[in-house]
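Colleague: Okay, here's what each chain looks like letter by letter:
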Amino acid sequence: MRRGKITPKLASNIKINGWVKAYDHTVTGSAETSLTISGLVGDTDKEYKLETRIVSGYNGYVPIWLRINNDGNINYGRQVLYCENTTVAATRDSLSHIPIGSIDALNKILQTETIIHAKSGYVRAIINSANYSVSGTTVTGLEFAGYSWNNTADNITSLVLLSETGGLGIGSSIILWKKVFR
Amino acid sequence: MKTGKLESPITVDGTMQVIYDSGELSSAQTSITISNLNGDIDEEYELIVRRKDGGATPSNLQLRLNNDSDSNYGYQQLYGQDTTAGATRNVTSRWYIDVAEVDATGALYFSHTKIYAKSGYIRTAVNQQTNEITTTTVKGVRLLGFSWNNTADNITQLNVIADVANGLGVGSRIILLKKVTSTSGIKTGNLSVQGKIYGVWEEIYRNELGTAATSVTISNLAGNTDVLYRLRVKQVGGSAGSQVGLRPNNDSTTDTYGYQDLSGINTTTAAERSTTRNRMWLAPQGSEANNYVGLYELLLYAKSGYLRTALNTATCGITATTVTCVQLVGNVWNETATEITSLVVLSDDTDGLGVGTEIVLERLNL
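Keeping their order, the protein sequence lines are chains A and B. Per our numbering, the first sequence starts with residue -19, numbered consecutively. Per our numbering, the second sequence starts with residue 572, numbered consecutively.
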């Protein structure tokens, strides 16, 4: 059967055994400091892919953090491999958030992709890549990291992005993909 | 409402969908232009390229936006080449989406690039590539961040250009997906598609282990029709220490596989190459102890006719708030003739795929 364009009214309306856009937000009007993607059902969706293109609205260094279910306790682990110019380095630590990337000045850009294995029962595993503090023809750094969320029990119902005041500047784009099954 | 398969031409709002597929080239080309794009509407592109170098000398593959050939592009890269882990930053007149690492002609290259296309701001992209692959040798693996210093122009074309004539050799294939955002077209309420939808990644296998296993076989595949697979494994370690591998068609022949990896383990960065393996390794530098977790994602060009190449990311050795390693790996299966009809996910330790291990396979519907 062939058809032209199909426009499902809501992401959950189309079941394709694949990835469907569940959230799509572009910051307009004024910069934001945080945003919450709610109404998630991690144990049903099983996997998420979060894509961001952040334009910094903060005049200074701003980290962009992700918290699962807004858990702000030191329940996240990180192993990161990163580079700036000709320097390569790696770090391992425990944190109260997932730092998906950072931007070191106003109007610079961060692009990230975060794969989240969401289903409960085990520690949640996450892979993140980031292209950060981009301005003009300068890409300041690149990082590639694995994260854990040390929570085996809770269904994931929300994802929270946090920054310094106004860090999610005008033009920032946040998209969440989820799996939708027949 | 249920429906059967949705064939091309079809666009489905809220998906990433194929809008260009060169097919495997039957004659060598130096460049390919993908035109009639609307970056401001599409916003995101995903470019997958499997290249067979057809040039007289080894070539790199460039990507230009709107054929802009001025020094308006920047990159930062992280690479692993044999035992060297390194990084560089530069300003150029193009993005290098794959790179000749050393000196082999006729090699294979495999890359994945995610582009944020909407104007108003500098355009950025993240690229993973595995390069100069011959028999069981993978010469390099790279992660790059790109910028295009143009905030104003709508992207209407992508130009894929080899820097040596005929660098896009016979067998090369270029696939472009876009994010579909549509307010026009046929609206539908609940729609459950029972068959294939052209151009989207479809999950065709999912298995969560209720009993520990040493291997799991995904059967009834048609690799020559399917072309591209994406495998995601969340391993829960089921033994004292196990690593996960992948065997197409359960080929266990010694010295038939190779890899190049780049890793970060605690504060150590490293790179390693091997040419004498009997499987693809999803995380060559990591293993899972009992109940430790690893997450691996692998993109595989499955179609026969050429070496089978794979690009994968891995994070492993996870327990509580400790993450032991992160890796980027280029893998090769030195077998060009046989269609892939199965994929075997296997542990190197008995019952290493512990209870709770999840194995997911997706196919790009072409």
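These are computed hints drawn from the structure, not numbers from a lab. Don't take each hint at face value.
With the Cβ distance kept under 8 Å, some of the chain B side facing chain A (calculated, not the full set) [stated by the list, open to error]:
{"#": "1", "residue": "Y687"}
{"#": "2", "residue": "Y776"}
{"#": "3", "residue": "T838"}
{"#": "4", "residue": "Y872"}
{"#": "5", "residue": "T886"}
{"#": "6", "residue": "T890"}
In this text, a Cβ means the ideal position worked out from N, Cα and C, and glycines have one as well.
Colleague: Should the interface hint for T886(B) be scored as holding, given a Cβ-Cβ cut-off of 8 Å against chain A?
Modeller: 2 Å, holds
Colleague: Holds or violated: the hint that T890(B) contacts chain A, with Cβ atoms closer than 8 Å.
Modeller: Interface hint status for T890(B): holds (7 Å vs cutoff 8 Å).
Colleague: Quick one, is the Y872(B) hint okay against chain A at 8 Å, beta carbons?
Modeller: 19 Å, violated
Colleague: When the nearest CB of chain A is found for Y687(B), is that gap smaller than 8 Å?
Modeller: This interface hint holds because 4 Å falls under the 8 Å limit.
Colleague: Under 8 Å, Cβ to Cβ, is where Y776(B) needs to be relative to chain A, so tell me if that hint holds or is violated.
Modeller: 10 Å, violated
Colleague: Interface hint check: T838(B), Cβ to nearest Cβ on chain A, cutoff 8 Å. Holds or violated?
Modeller: 5 Å, holds
Going through the hint list in order, the structure does not satisfy hints 2 and 4.
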